[in-house]
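S.K.: So the chains spell out like this:
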Amino acid sequence: MSVKHKTIRMMFTLMGLPTCEEVEQFAYDFLEGALDVKTTKAVQRHLQACKNCQRFIVAYRRTSALGKTFPRPSLDSEFKQNLFEFLTQRMGKTT
Amino acid sequence: MESLPKSRDFQPAAASNISDKDLIRGLREKADWAYQELISRWSDKLYQLSLRFLKRPEEAQEIVQEVLLKVVEKIDTFEGGSSLYTWLYRVTVNESLMRLRPDKGRKTVSWEDVLPKYENGIHLENFSDWVKLPDEKFEEKEFKQFVQESIEILPDDLKAAYLLKDVEQLPEDEVCKVLELTKPAMKNRVHRARLFLRKKIEERYVR
Numbered sequence: 001m002s003v004k005h006k007t008i009r010m011m012f013t014l015m016g017l018p019t020c021e022e023v024e025q026f027a028y029d030f031l032e033g034a035l036d037v038k039t040t041k042a043v044q045r046h047l048q049a050c051k052n053c054q055r056f057i058v059a060y061r062r063t064s065a066l067g068k069t070f071p072r073p074s075l076d077s078e079f080k081q082n083l084f085e086f087l088t089q090r091m092g093k094t095t
Numbered sequence: 001m002e003s004l005p006k007s008r009d010f011q012p013a014a015a016s017n018i019s020d021k022d023l024i025r026g027l028r029e030k031a032d033w034a035y036q037e038l039i040s041r042w043s044d045k046l047y048q049l050s051l052r053f054l055k056r057p058e059e060a061q062e063i064v065q066e067v068l069l070k071v072v073e074k075i076d077t078f079e080g081g082s083s084l085y086t087w088l089y090r091v092t093v094n095e096s097l098m099r100l101r102p103d104k105g106r107k108t109v110s111w112e113d114v115l116p117k118y119e120n121g122i123h124l125e126n127f128s129d130w131v132k133l134p135d136e137k138f139e140e141k142e143f144k145q146f147v148q149e150s151i152e153i154l155p156d157d158l159k160a161a162y163l164l165k166d167v168e169q170l171p172e173d174e175v176c177k178v179l180e181l182t183k184p185a186m187k188n189r190v191h192r193a194r195l196f197l198r199k200k201i202e203e204r205y206v207r
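So the protein lines, in turn, are chains F and B.
Read in order, the letters of the first sequence are residues 1 to 95 in this note's numbering.
Read in order, the letters of the second sequence are residues 1 to 207 in this note's numbering.
Worth flagging that the hints you see were computed from the coordinates, not collected in a lab.
On a predicted model such as this, the values are computed, not experimentally measured, just so you know.
Don't take each hint at face value.
List time: in silico EDC-like cross-link candidates among lysine to aspartate or glutamate, alpha-carbon distance up to 16 Å [stated by the list, open to error]:
(1) F:K4 to B:E152
(2) B:K117 to F:E85
(3) F:K51 to B:D129
(4) B:K30 to F:E85
(5) F:K68 to B:D135
(6) B:K183 to F:D29
(7) B:K107 to B:E152
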């Protein structure tokens with residue numbers, strides 16, 4: 001293990017904060033607001049101290065939000081008309 | 001799709017207050033209004049979901065037809081243990097994935113390249129600053145196309161979880177019911193899909 005990583009790890013341990021890996025594992029629940037208060041505060045304090053995790057969370061949040069921008073095409077009315085006739089006819093035949 | 005004579009007109013239902021219970025009763029009675037309600041309420045949503053798996057509109061339309069036919073044919077066996085909503089989404093996901101399976105030429109994900117790397121819990125890589133990526137980029141056709149192609153590479157189980165949670169915006173409990181997963185398993189799949197997409201976007205647009 002490099003001295004740099006050893007020092008950072010020690011700093012987080014002394015501060016009672018999660019590691020970067022733990023922050024990643026908390027990311028889903030952190031975004032959902034599903035972590036308990038103590039863990040949320042610990043993650044927030046880690047983020048204040050770790051620029052790399054700040055960037056990770058920003059990217060993770062934007063990736064999650066990406067889905068909202070997807071197009072939502074509709075079926076045209078002719079298809080729906082045909083579908084209605086298809087269902088009524090098929091179900092009519094079976095009874 | 002089968003070609004059919006036009007006998008009755010489809011009347012798109014306005015936003016209605018018909019409950020699932022009443023709709024199911026109407027479907028069991030083979031009532032026209034119930035078929036209309038089923039199509040009005042669900043066909044666009046099922047089409048959008050299927051289209052995200054399959055890309056081809058014609059195939060997605062076929063899935064909608066197959067799913068709604070399956071549902072009306074089996075409505076007598078529907079016991080109400082789950083909601084109609086869950087049932088429709090589950091059948092749509094399963095039918096869409098069935099269509100995907102024969103496509104052996106699909107690329108696959110190399111997770112070693114995707115998952116963040118750590119040394120004793122500390123990041124081994126420096127992430128790029130997504131603040132540099134403007135919101136407008138997300139609206140560009142080329143960007144959306146890239147994201148769509150990236151989603152296609154995802155393993156089916158992760159793809160389904162991501163599409164239902166982040167794209168269709170279903171509540172967590174509903175995603176779990178549709179995919180028949182525990183909540184930790186569902187979260188894990190969505191999380192890994194996000195990690196994958198984050199990595200793909202960062203490599204292409206943010207560095």
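S.K.: Hint by hint, note whether the structure agrees.
M.R.: Now the hints, each set against the structure:
In summary, the hint linking K4 of chain F to E152 of chain B is not supported, as the alpha carbons are separated by about 39 Å, beyond the 16 Å threshold. At roughly 55 Å between alpha-carbon atoms, K117 of chain B and E85 of chain F are farther apart than 16 Å, so this suggested pair is violated. Restraint check for K51 of chain F and D129 of chain B: the C-alpha separation of about 10 Å stays at or below 16 Å, so the hint holds. The hinted pair formed by K30 of chain B and E85 of chain F meets the criterion: a straight-line CA distance of about 12 Å does not exceed 16 Å.
Between K68 of chain F and D135 of chain B the CA atoms are separated by roughly 13 Å; this keeps the pair inside 16 Å, and the hint holds. Pair hint K183 of chain B plus D29 of chain F holds up; C-alpha atoms about 11 Å apart against a cutoff of 16 Å. Annotation: proposed proximity of K107 of chain B to E152 of chain B holds, straight-line Cα distance about 8 Å (limit 16 Å).
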